[in-house]
Amino acid sequence: MKFQIEDVTVYFPYDYIYPEQYSYMIELKRALDAKGHCLLEMPTGTGKTIALLSLITSYSLSKPQTSIKLIYCTRTVHEMEKTLAELKLLHNYQIKHLGPQARILAIGLSSRKNLCVNPTVLAAENRDSVDAGCRKLTASWVRAMAAENPNVPTCQFFENYERAASAAVLPPGVYTLQDLRVFGKEKGWCPYFLARHMVQFANVVVYSYQYLLDPKVAGIISKEMQKESVVVFDEAHNIDNVCIEALSVSVRRQTLEGATRNLNRISQEIDRFKATDASRLRAEYNRLVEGLALRGNLPITDNWLSNPALPDDILKEAVPGNIRRAEHFLHVLRRLVQYLRGRLDTENVEKESPVSFVASINSHAGIDQKTLKFCYDRLHSLMLTLEITDTDEFLHIQTICDFATLVGTYGRGFSIIIEPFDERMPHIPDPILQLSCHDASLAIKPVFDRFQSVVITSGTLSPIDLYPRLLNFHPVVSRSFTMSLTRDCICPMVLTRGSDQLPVSTKFDMRSDPGVVRNYGKLLLEMVSVVPDGIVCFFVSYSYMDGIINTWNDSGILKEIMQHKLVFIETQDVVETTLALDNYRKACDCGRGAVFFSVARGKVAEGIDFDRHYGRLVIMFGVPFQYTLSKILLARLEYLRDTFQIKEGDFLTFDALRQAAQCVGRVIRSKADYGMMIFADKRYSRHDKRSKLPSWILSHLRDVNLNLSTDMALHIAKEFLRKMAQPYEKIGGSGRKTLLSEEDLEKMGDGGMDEMLY
Amino acid sequence: MASTHVTKRAKYKTTIKDPGTPGTLRMTFEKILFVPHNPKSAGKLDVEFRYIKGQKHTKEGSNKPPWLNLTNNQNGSFIFEFENYSDLQECRDFVGKVLAKGGEVSEKPTVSYPDEQLSAAEMELRIKLLQEDSELQKLHKQFVLSGVLTETEFWATRKKLLDREVSKKTKQRLGFKSAMISDIKPSTDGRTNKVTFNLTPEVILQIFAEKPAVHRAFLSYVPNKMSERTFWTKYFRAEYLHSTKNSIAAAAEAAEDEELAVFLKQDDILASEAQKKIRRVDPTLDMEADEGDDYTHLPDHGIFREGNKEMTESQNELYKRSLSQDINRHAAVVLEGRAVDVELEDTKAVAEALAQSKQKSSNKGESDGDISRERLDRLSRMTEIEDLQGPNTLPLAPLCIKVLDALTNSISNTKYHIGKNPQESVLDRLPRKTKEELLHHWTSILELLKHFWASYPITTTYLYAKVNRLKDAMSNIYPQLEEIKGSVPSELRHQVSLLVRPMHQALDAAIQHYEASMQKRSAQSGERPNGYV
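Sequences listed follow chains B and P, in order.
At position 369 of the first sequence (counting the first as 1) the number is 369 in this note's numbering, and the numbers step up by one without a gap.
At position 27 of the second sequence (counting the first as 1) the number is 27 in this note's numbering, and the numbers step up by one without a gap.
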């Protein structure tokens with residue numbers, strides 16, 4: 001269907017549209033018109049992504065004179081693929097209606113690991129070794145060597161791509177990662193470098209958060225984006241955590257040992273170069289006097305993750321004299337490692353601000369703040385000069401330099417915490433020095449500054465006024481949409497008691513109570529016997545899940561559960577978890593039915609959908625609070641209180657409830673879908689906890705469902721499922737329409753809209 | 001049909017308690033012949049098949065011997081006891097075939113429509129369906145044989161049934177049990193510390209399927225290197241070590257005994273299979289790809305010890321296997337289903353059969369193209385929003401008949417009450433015969449109505465004739481229903497009339513519609529002689 005929002009003709013690839021999608025588009029357009037940032041909360045299962053894509057592409061189609069680029073950030077690769085698949089659908093539709101002028105180029109961008117097609121490189125198992133494997137074949141000096149000596153291996157795909165030079169372009173279209181690989185294989189061009197090259201020409205770029213938020217990556221991938229771009233952070237409820245993670249580094253004993261090995265290897269390389277090719281080192285010295293900015297002209301393959309935090313003017317400065325010479329820099333690093341090793345040898349927990357830490361480095365190791373700041377780039381330059389290609393071997397020294405640069409750059413918003421052992425395992429000495437970022441706004445600030453419109457959207461952004469404070473920005477539009485339902489297709493309940501009427505909770509003093517564990521087991525057992533297809537269970541942590549599964553196994557509850565449904569479990573091993581998920585879906589597809597055990601805040605909770613028959617019921621066992629004794633968390637809470645006046649308790653509850661809402665929100669994909677949500681903890685019945693849930697869940701949480709025991713919940717579940725099995729009118733009953741057709745939208749035209757929508 | 005006759009050794013018994021006369025049973029399409037071994041004994045039998053009405057037989061696994069009970073139309077029966085179940089099965093199938101054929105022969109001449117060219121297979125399938133479902137058979141008899149519906153019409157509404165039957169023609173295989181094999185608990189003799197495990201070939205097959213490394217070890221060790229007994233003893237020793245969750249002890253024992261170590265280590269075959277499988281998973285849940293993209297998961301970047309990332313002990317990782325892994329693996333194997341279809345008797349045979357079937361499936365491995373297409377399909381299935389799309393099925397008006405729904409509701413409600421509260425159920429209090437009759441009328445009315453309403457609007461003469469036929473059949477039901485009402489004791493009459501009322505209503509509505517449309521038609525045909533016939 002196509003329709004008009006003010007001056008923009010919107011092309012939408014379906015015959016119907018939800019009213020909330022329509023109002024979402026209106027708000028989004030307002031933000032684009034105002035050239036400002038916006039914050040939009042819309043329930044999961046109402047088609048946010050397609051609404052976003054179709055408005056923004058239509059918006060730029062209607063304004064051909066300005067080239068608006070869409071930068072769409074997802075949290076995971078599979079969400080990236082899904083977004084691109086939706087975009088493909090939309091693009092086909094637009095081509096059909098507008099003809100060739102609607103053509104756009106849209107690409108997904110990922111790491112070499114996900115894009116490389118060279119089988120020898122791909123054989124490596126993790127990302128870093130794939131990166132290094134690629135460098136070994138494509139670094140400028142390797143290729144120079146190969147030009148003289150045909151026995152030096154190079155990458156055929158990259159050579160072809162280079163040879164094709166400016167002819168190597170992607171024709172317009174929408175390319176998922178898979179499409180890129182297929183295209184690359186067909187043409188014989190390297191898809192990774194092709195995609196990186198095409199980023200500057202593409203109308204839509206889809207990539208992961210890190211490419212924009214992590215300064216190390218953002219520097220090389222995202223520097224060529226123009227200001228007019230629209231940046232979208234989808235599923236952004238955890239964006240503050242991504243931001244602080246991007247700027248946090250920790251140093252452990254293994255890191256220091258590895259770094260020492262790295263330094264020895266670098267020292268050998270320096271000696272070798274001195275003996276054979278001393279001029280290179282001299283040339284580097286001269287370059288460093290000129291300043292680091294020259295680095296910008298490096299060949300594309302030699303580029304790597306750039307400096308984590310340096311503002312542009314520093315890049316033009318000359319590198320401090322004491323680290324210009326390779327040997328001197330090496331000495332500085334050795335002293336730094338030595339100093340850090342001394343700090344790790346502590347028996348008590350220590351907490352320090354970066355300023356005093358830098359002062360202490362200066363007095364004990366004689367390294368000043370400016371030198372620290374340059375460490376990361378200086379190391380990079382040195383490794384290039386020394387023609388080191390196996391970069392994956394040098395991760396430890398990179399970590400140290402990363403740490404030095406961050407600690408030398410930021411005076412506030414961070415703290416350094418040294419812990420001699422993990423509090424939960426005090427008998428195992430495992431000292432760790434953590435530089436942890438508390439201020440999410442630091443990492444995202446450049447994004448807000450650089451781009452005209454930044455859209456932050458998710459199904460869970462409640463309370464919506466907290467995010468602007470955490471991220472320190474001023475949205476021009478900030479709205480939370482509710483869901484207009486054709487029928488009551490979600491059924492949230494709060495279960496406070498087991499069938500024996502004893503309270504259930506994962507509160508610290510209750511969680512290991514055998515009665516609670518048994519009641520949780522009985523709850524699941526009852527549910528598997530009445531709920532069809534898939535059930536998802538979320539636990540508060542891996543260790544809790546492991547414990548409870550073992551107990552259920554010993555007591556035989558697990559066996560009884562297996563009589564009804566197959567059981568799959570999320571583990572810390574991604575491959576295993578992915579396969580378990582795949583099998584889970586197969587089991588739901590073939591009608592066998594299955595239960596999936598997962599962890600709140602885990603990878604599955606972050607990005608996997610359990611829509612339709614893949615999830616008819618979610619059980620959230622407990623309230624997923626963070627580990628409140630964590631020193632880092634305490635430091636962050638203190639910072640939040642002092643800087644933003646956010647109370648500790650409020651933040652913790654907000655954080656736990658957004659995770660819980662995130663977990664249960666994964667069951668709904670559209671209004672034709674239906675699902676139940678059980679919050680199994682007595683604490684959810686308290687108003688201060690419950691009220692932090694997003695409004696679209698709260699509005700369906702009836703008062704009678706606030707204090708249930710297992711048998712009552714079972715009864716409600718049966719009733720609900722029976723109701724959902726009845727045929728219903730898709731368009732919505734009398735009065736409010738929940739599905740709008742093109743005519744409806746035309747009729748609404750002016751004025752009539754409000755009465756239909758609200 | 002494969003053979004025209006069956007000959008088996010059997011005992012003929014006149015009653016169940018009768019010890020039986022040993023002899024030979026010979027069955028052809030026409031008759032059943034039993035000749036005792038001892039020519040002097042009296043049990044000689046010569047019956048024509050057309051007198052045989054039905055058959056009953058004992059089930060394998062029940063503690064009864066293999067008996068076949070043939071009932072004739074005078075309610076007499078002939079019981080044969082076979083030597084084993086496979087003989088019984090063969091005879092049973094044969095009798096089934098002949099009985100079905102008999103029915104077919106009698107119906108063919110009554111209704112034969114030239115537009116239907118049925119293959120033998122289709123015919124056979126229909127017969128099989130009728131045999132399996134007695135209710136269906138009754139309906140078929142009632143309407144098709146009496147000429148109310150044609151054979152084609154009868155089956156046209158059951159196309160789905162036919163299709164489904166065709167697609168699953170192969171026999172359904174038994175899957176694995178849902179319970180974990182780790183549940184096999186040893187039995188102790190109570191005096192010593194010795195434990196005994198009871199292994200069946202079934203369990204062994206499951207162990208092999210779930211743990212390919214154990215399977216491989218079995219193939220290479222037994223019987224050359226060790227006896228089967230030692231093999232399993234070692235296996236359970238390893239399982240015991242796992243269950244103690246003492247990875248240090250496990251590591252120590254593994255260091256001493258290399259065969260034991262095989263059981264304790266992570267399964268390397270599984271790991272490599274996982275690598276293969278991961279390439280074909282649904283891209284919308286491929287979390288492994290994230291790992292390769294996520295720059296915050298550089299070592300030592302991001303936040304540790306925050307509470308949500310937990311530490312794992314890295315030492316002795318090699319010998320650690322979690323319950324979660326076992327459960328996942330078990331569920332995956334159950335889902336894959338049983339690959340082997342051999343008689344489970346000999347473990348060696350089981351092991352080899354499994355190896356062969358694996359070989360086959362790996363040879364079959366699909367090409368890259370297939371995989372990527374499959375992945376794309378799944379991706380697009382995951383992205384579309386179903387209810388925003390316009391109707392994408394063929395323009396087919398859904399059959400929505402209020403009366404029919406009401407009828408279905410009332411009967412299913414009554415049925416539902418049975419499940420809920422057996423004491424109060426109406427149907428249960430009725431005499432068995434009445435209950436069955438009522439239910440039968442209900443299904444036959446449904447069948448008739450379905451055809452009746454589906455014939456409107458009447459566009460051809462054929463439909464016209466059909467509606468007339470249906471109407472007649474429906475009016476015949478009224479007196480039958482009255483008869484039922486009359487036959488029950490007076491205290492139940494009210495209940496029965498409650499049950500009958502919706503049937504009446506449905507029939508009334510149909511007949512009313514019929515008459516109204518007939519009137520309209522006669523009025524129309526006056527004006528438009530060239531209209532509908």
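Check each hint, because a few of them may be wrong.
[To be verified] What follows is a set of in silico ranges between Cβ atoms, one per label pair, in the way DEER data are often shown:
id, chain 1, residue 1, chain 2, residue 2, range
1, P, V203, B, V530, 38 to 44 Å
2, B, N472, P, D377, 40 to 46 Å
3, B, K96, P, R501, 51 to 57 Å
4, B, A167, P, E258, 56 to 62 Å
5, P, T152, B, V530, 38 to 44 Å
6, P, A271, B, Y285, 38 to 44 Å
7, B, G411, P, A271, 55 to 61 Å
8, B, V530, P, R501, 40 to 46 Å
9, B, E742, P, Q137, 16 to 22 Å
10, P, A213, B, T120, 46 to 52 Å
[As the list claims (entries may be wrong)] Listed below are the simulated DSSO-like cross-link pairs for lysine-lysine, each with C-alpha atoms no more than 30 Å apart in a straight line:
id, chain 1, residue 1, chain 2, residue 2
11, P, K177, B, K559
12, P, K31, P, K17
13, B, K96, B, K136
14, P, K265, B, K586
15, P, K485, P, K520
16, B, K559, P, K17
Keep in mind the hints are simulated off the structure, nothing from the lab.
Predicted model, so just to flag it, every value in this text is computed and none were measured.
Where is the CB? At the ideal position from N, CA and C, for every residue including glycine.
Cross-check of the supplied hints:
{"no.": "1", "hint": "V203(P) to V530(B): 38 to 44 Å", "verdict": "violated, 31 Å"}
{"no.": "2", "hint": "N472(B) to D377(P): 40 to 46 Å", "verdict": "holds, 44 Å"}
{"no.": "3", "hint": "K96(B) to R501(P): 51 to 57 Å", "verdict": "holds, 56 Å"}
{"no.": "4", "hint": "A167(B) to E258(P): 56 to 62 Å", "verdict": "holds, 59 Å"}
{"no.": "5", "hint": "T152(P) to V530(B): 38 to 44 Å", "verdict": "holds, 42 Å"}
{"no.": "6", "hint": "A271(P) to Y285(B): 38 to 44 Å", "verdict": "violated, 49 Å"}
{"no.": "7", "hint": "G411(B) to A271(P): 55 to 61 Å", "verdict": "violated, 47 Å"}
{"no.": "8", "hint": "V530(B) to R501(P): 40 to 46 Å", "verdict": "violated, 33 Å"}
{"no.": "9", "hint": "E742(B) to Q137(P): 16 to 22 Å", "verdict": "violated, 52 Å"}
{"no.": "10", "hint": "A213(P) to T120(B): 46 to 52 Å", "verdict": "violated, 29 Å"}
{"no.": "11", "hint": "K177(P) to K559(B)", "verdict": "holds, 11 Å"}
{"no.": "12", "hint": "K31(P) to K17(P)", "verdict": "holds, 25 Å"}
{"no.": "13", "hint": "K96(B) to K136(B)", "verdict": "violated, 45 Å"}
{"no.": "14", "hint": "K265(P) to K586(B)", "verdict": "holds, 29 Å"}
{"no.": "15", "hint": "K485(P) to K520(P)", "verdict": "violated, 35 Å"}
{"no.": "16", "hint": "K559(B) to K17(P)", "verdict": "violated, 44 Å"}
Violated hints for the displayed structure, listed by number in ascending order: 1, 6, 7, 8, 9, 10, 13, 15, 16.
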